[in-house]
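Student: Each protein sequence line maps, in turn, to chains A and B. When the letters of the first sequence are read in order and numbered with my numbering, they come out as residues 5 to 90. When the letters of the second sequence are read in order and numbered with my numbering, they come out as residues 33 to 420.
Hints were generated in silico from the structure; no laboratory data involved. The model shown is predicted, which means the values in this text are computed figures rather than measured ones. Treat the hints with care, as some may be off.
Claimed, not checked - Quick list of in silico lysine-lysine cross-link-like pairs, BS3-like style, CA-CA up to 27 Å: (1) B:K172 / B:K140; (2) B:K373 / B:K145; (3) B:K193 / A:K58; (4) B:K57 / B:K84; (5) A:K58 / B:K243; (6) B:K140 / A:K84; (7) B:K57 / A:K69; (8) B:K88 / A:K69; (9) B:K368 / B:K355; (10) B:K88 / B:K66; (11) A:K69 / B:K84; (12) A:K69 / A:K84; (13) B:K299 / A:K58; (14) B:K330 / B:K299; (15) B:K140 / B:K355.
Read off the chains here:
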Amino acid sequence: MCLSIPSQVIQIDDANIATVDTMGVQRQVSLDLMPEAVDIGDYVLIHVGFAMNKIDQEDALESLKLYREMVDLMDAEDLKVSQGNS
Amino acid sequence: MNGLQLQDLYQGFREPQTIRVLADKVRQAASSLKSPLHIMEVCGGHTHTIMKYGLKQILPDNIEFIHGPGCPVCIMPKERIDHAIALAQMENTILLTLGDMIRVPGSKSSLAKQRALGCDIRALNSPLDAIQIARENPDKQVVFFAIGFETTTPMTAAVIKQAIALGLGNLFFHINHVLVPPAVEAILSDPACRIDALIGPSHVSVISGAKIYRPLAESHNMPIVVSGFEPVDVMQGILMIVEQVLEQRHEVEIQYTRAVSFDGNLKAQQMIDTYLQPRSHFRWRGLGDIAHSALRLKDEYRHLDAEVAFADRLSDEPIDDHKLCICGDILKGLAKPQDCKVFGRGCDPTRPLGSCMVSDEGACNAYYRYAEVTLPPSAKQNMNRASA
Numbered sequence: 005m006c007l008s009i010p011s012q013v014i015q016i017d018d019a020n021i022a023t024v025d026t027m028g029v030q031r032q033v034s035l036d037l038m039p040e041a042v043d044i045g046d047y048v049l050i051h052v053g054f055a056m057n058k059i060d061q062e063d064a065l066e067s068l069k070l071y072r073e074m075v076d077l078m079d080a081e082d083l084k085v086s087q088g089n090s
Numbered sequence: 033m034n035g036l037q038l039q040d041l042y043q044g045f046r047e048p049q050t051i052r053v054l055a056d057k058v059r060q061a062a063s064s065l066k067s068p069l070h071i072m073e074v075c076g077g078h079t080h081t082i083m084k085y086g087l088k089q090i091l092p093d094n095i096e097f098i099h100g101p102g103c104p105v106c107i108m109p110k111e112r113i114d115h116a117i118a119l120a121q122m123e124n125t126i127l128l129t130l131g132d133m134i135r136v137p138g139s140k141s142s143l144a145k146q147r148a149l150g151c152d153i154r155a156l157n158s159p160l161d162a163i164q165i166a167r168e169n170p171d172k173q174v175v176f177f178a179i180g181f182e183t184t185t186p187m188t189a190a191v192i193k194q195a196i197a198l199g200l201g202n203l204f205f206h207i208n209h210v211l212v213p214p215a216v217e218a219i220l221s222d223p224a225c226r227i228d229a230l231i232g233p234s235h236v237s238v239i240s241g242a243k244i245y246r247p248l249a250e251s252h253n254m255p256i257v258v259s260g261f262e263p264v265d266v267m268q269g270i271l272m273i274v275e276q277v278l279e280q281r282h283e284v285e286i287q288y289t290r291a292v293s294f295d296g297n298l299k300a301q302q303m304i305d306t307y308l309q310p311r312s313h314f315r316w317r318g319l320g321d322i323a324h325s326a327l328r329l330k331d332e333y334r335h336l337d338a339e340v341a342f343a344d345r346l347s348d349e350p351i352d353d354h355k356l357c358i359c360g361d362i363l364k365g366l367a368k369p370q371d372c373k374v375f376g377r378g379c380d381p382t383r384p385l386g387s388c389m390v391s392d393e394g395a396c397n398a399y400y401r402y403a404e405v406t407l408p409p410s411a412k413q414n415m416n417r418a419s420a
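Isolated chain A (complex conformation) (with noise of 0.2 Å):
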């Protein structure tokens, strides 16, 4: 029951009520302990029908761009190994 679970705010219905998607499952979630402004096409963590937090995008981006180099050195090197013993 204690896991966040990542949506899209996609509609703004009231003052502290936003309708989120989370991946295809569509939910209104209460924004009262939001900290923080929340826009239509935010990243919000939801946690039993509250948004608790928003995802910082570039932050995600360059995490996932990092884990990217990563992977793709890593098959540089299994490749060169490869080729070495060729």
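We have chain A already, so just place chain B on it with the hints.
Tutor: Using the frame of chain A, we list chain B on its own:
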């Protein structure tokens, strides 16, 4: 407008290639460790990630996981579950709670059994539903049996705030919110403790910040990494821990920087502080009495407190677990699920004896579902039945 898709936040952090590369890096770094590294993942959610994605199998043998107490259902002592049952049995009452709490056995029964016998017991998707139910049933008393760690506490506080604003006279709260740091401190202070480092759950720190772990890191010279729940997050968290150990650092670091800060969600923290305060002590299943490890309603809101309003029906007499059940040792990290005599033999997810098997986040439940544990034929039949 931006390059990030919602599915990136899921699939991007479950990418098998990335997990493999990170595992390689961990293996490489861990080969320089002078002694085996015991990492406790505080939260049951992490236990599930480790088991479900087979992370244990691709990590070197000198990294061992100790599964921590971070499952709010698992640590609930039987006398508190008996409270919920006693409240549900009152005339003209609706009892509300979250998640797996319904199935956890108390001393004689469970909420699920009481519901089958006719009590009005409901599992909520959101604590906010309590407001609607109380308004729709003005002639009934509605009791919200609130459970959870720091992550779920501000939601209860938000419901209390609304109940007060609306002047609801029929909604009561039975508060069982517990705190991570005092429980971890109790485990680390046990002389039998073998833990060298901690993975802290990101969702707790989304609310409370990574700052809550600083006293633990300082007093126990322990690396602590606040990590997300996707397998890539957990792997990276482990790598950060190994690097800290090799560099002889013992700091609080954040892996899940995309949503966790050092200070956390101050608005949510303030919401908690407005309505709730620490209890002098709370008895944890398996861990025993721990000072200041749980919350209760502040005195000015006593009229909303089910423990006050219905005190004559509730007993605080401690009730111990089934004598064969070793949930206590498992919660302390002193035993593994397969060390338990009844694991898979009389205790399984369809007929749980102990709390670690009941909850989806319990260590026994995770081992039963995902681990290659040898079970007797009868247990295997149960497993087939459960998955059918």
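Student: Hint by hint, say whether it matches the structure.
Tutor: Against the structure, the hints:
The straight-line distance between the Cα atoms of B:K172 and B:K140 is roughly 26 Å, inside the 27 Å bound, and the hint therefore holds. The straight-line distance between the Cα atoms of B:K373 and B:K145 is roughly 26 Å, inside the 27 Å bound, and the hint therefore holds. Distance check on the hinted pair: B:K193 and A:K58 sit about 23 Å apart at the alpha-carbon level, within 27 Å; holds. At roughly 21 Å between alpha-carbon atoms, B:K57 and B:K84 fall within 27 Å of each other, so this suggested pair holds.
Between A:K58 and B:K243 the CA atoms are separated by roughly 19 Å; this keeps the pair inside 27 Å, and the hint holds. With a C-alpha separation of about 65 Å, the suggested pair B:K140 and A:K84 falls outside the 27 Å cut-off, and the hint is violated. Annotation: proposed proximity of B:K57 to A:K69 holds, straight-line Cα distance about 17 Å (limit 27 Å). The suggested pairing of B:K88 with A:K69 holds, with an alpha-carbon distance near 25 Å, which does not exceed 27 Å.
Of the pairs offered as hints, the one joining B:K368 and B:K355 holds, with about 17 Å between alpha carbons and a cut-off of 27 Å not exceeded. Of the pairs offered as hints, the one joining B:K88 and B:K66 holds, with about 20 Å between alpha carbons and a cut-off of 27 Å not exceeded. In summary, the hint linking A:K69 to B:K84 is supported, as the alpha carbons are separated by about 25 Å, within the 27 Å threshold. For the hint linking A:K69 to A:K84, the alpha-carbon distance of about 23 Å falls within 27 Å, and the restraint holds.
As the CA atoms of B:K299 and A:K58 are separated by approximately 13 Å, the hinted pair is consistent with the 27 Å bound. Among the hinted pairs, B:K330 with B:K299 is consistent with the structure: their alpha-carbon atoms are about 18 Å apart, no more than 27 Å. For the proposed pair B:K140 and B:K355, the alpha carbon gap of about 14 Å is at most 27 Å, so the pair holds.
Checked against the numbered hints above, the structure breaks only hint 6 and satisfies the rest.
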